[in-house]
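Make a model of the complete structure from these sequences and hints.
Number of protein chains: 2
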Amino acid sequence: MPASPRTRPAKSALSREAVVAAALAVVDEVGVDAASMRRVAAALDTGPASLYVYVADRRELMEAAHDLALAGVELPTAGDWRDRLEQLVARVVAALAEHGDLAMAAIAAVPLGPHFLRITEEMLRLLREGGIADPACAWAVDLLVQYVASSALEQGPWNRAQREIADPARATVEAMGADFAGRIDAVYAGLDPEAFPAITALRPLLTTGGGDERDAWKLRVVVDGLLAQG
Amino acid sequence: MPASPRTRPAKSALSREAVVAAALAVVDEVGVDAASMRRVAAALDTGPASLYVYVADRRELMEAAHDLALAGVELPTAGDWRDRLEQLVARVVAALAEHGDLAMAAIAAVPLGPHFLRITEEMLRLLREGGIADPACAWAVDLLVQYVASSALEQGPWNRAQREIADPARATVEAMGADFAGRIDAVYAGLDPEAFPAITALRPLLTTGGGDERDAWKLRVVVDGLLAQG
DNA sequence: CTCCTTGACGAACGTCGTTCGTGACGAACA
DNA sequence: TGTTCGTCACGAACGACGTTCGTCAAGGAG
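Protein sequence lines, in the order shown, are assigned to chains A and B.
In terms of the working numbering, the first sequence opens at residue 1 and continues consecutively.
In terms of the working numbering, the second sequence opens at residue 1001 and continues consecutively.
Just so you know, these hints were derived from the structure itself, not from any lab.
Please note that the accuracy of each hint is not assured.
Simulated restraints on C-beta separations [claimed, not checked]:
1. A/193 / B/1195: 14 to 24 angstroms
2. A/216 / B/1072: 58 to 68 angstroms
3. B/1033 / A/208: 28 to 38 angstroms
4. A/133 / B/1033: 30 to 40 angstroms
5. A/42 / B/1212: 33 to 43 angstroms
6. A/229 / B/1083: 13 to 23 angstroms
7. A/30 / B/1201: 40 to 50 angstroms
Note that the Cβ used here is the ideal one computed from N, Cα and C, for glycine as well.
Dropping the structure here:
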């Protein structure tokens, strides 16, 4: 009588929480696209069909993982409404960017998970506290959500590449990571300087990250712009 | 001797242009995810393997389709540098949003196709013409590219749903299209008003598009914010 | 004419998301 | 106690996918 996974007691029962956490861990490891149902199930020592007890489909699973990544985002408490808004946005971006390309999981539709909703609520609250009219608040939060998604998607894979460069056990990925900006730079370098004088002139600036300072700058642009509206 | 597709003269030869154009048409029809190599090939009356003569892989094909969508974007000539920058950005967003979720094709990496490069060049040129310092120009164009991608991705599927509602021949998709915002609204409606007072209060504003006016507002926010930097 | 290159593309492979059917287990009921 | 029902677990299988490899046909060069 061979040991069969169908024999119950040897494994703890699955739960939606366990499944979602496993999905997030697999995304960390291999990215959203490669995080197949089979991989997630394997991480749980089961088969892919088991996951469907807890999620309707792969999309739901990945969205849940996305929301889970935001569980640790704490609402800021220090400073005026603008400080708090900027801190909140930066924290959300950072939480997502901690997980490689996780932002891809919620890029095609408005995220509606519990954590994202509480963050949305807080953004709206802060905007209203800042005296911004309600119609503009609605549009502003829309823009901020765009900013969050696109920033997380920019920073996430970059963060990941940096981590992999720093990890000697992953030297095989080193060439790929170091080339993250190298590929873009190579394209820019190959352009005709006559036809592309601006890109040519700014090339070094376009391909060297700028890190936290750049991110803070971009967020400041958006918020200053919001404040500039009548 | 059955007629075989291997018999040459009955079909015009493929070309990269034809393959990319077919891909864009299929994306228009079914969206990026469903635009499989098989579907694109079928649109060309051939098999999927034929496409690999012209593109290395599916990613390259979709990116090329993305760039093709920008072929018709003309650089603005009227107004001061700010007018032209805003017009350019709006045109790029509109060109992408004309094609459903095409923006997904270039969401994970910086687009580097010929049309996108000429647009990037023009953005940089205009920013410099506006007297913005080079380091800030680099960051600004980065932010504008984020804005373009996320806006196209927001507007594209919405545009598509609207077109499908307006098309009586596609009545079967009507319920889905009409529910585009309905689903979000349903989630918001189901929230506890005590826990989510802001979302509850602003719900009508959050789920009714705002259309062109909102898009113009958001772009103005970004550009005003750029101008506000020292 | 022969040889080489290139375009064309079918067959096949490995992988994927998902469904369906079956088994195991526990709770409820008679 | 035995039976029934509901739920979790999950293997087998299906249809679809991206891609590779091998073969054929056509055209050009020598």
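A quick look at each hint next to the structure:
no., hint, in the structure
1, A/193 / B/1195: 14 to 24 angstroms, "violated, 58 angstroms"
2, A/216 / B/1072: 58 to 68 angstroms, "violated, 36 angstroms"
3, B/1033 / A/208: 28 to 38 angstroms, "holds, 34 angstroms"
4, A/133 / B/1033: 30 to 40 angstroms, "holds, 38 angstroms"
5, A/42 / B/1212: 33 to 43 angstroms, "violated, 48 angstroms"
6, A/229 / B/1083: 13 to 23 angstroms, "holds, 18 angstroms"
7, A/30 / B/1201: 40 to 50 angstroms, "holds, 42 angstroms"
Hint violations for this structure: numbers 1, 2, 5, all remaining hints satisfied.
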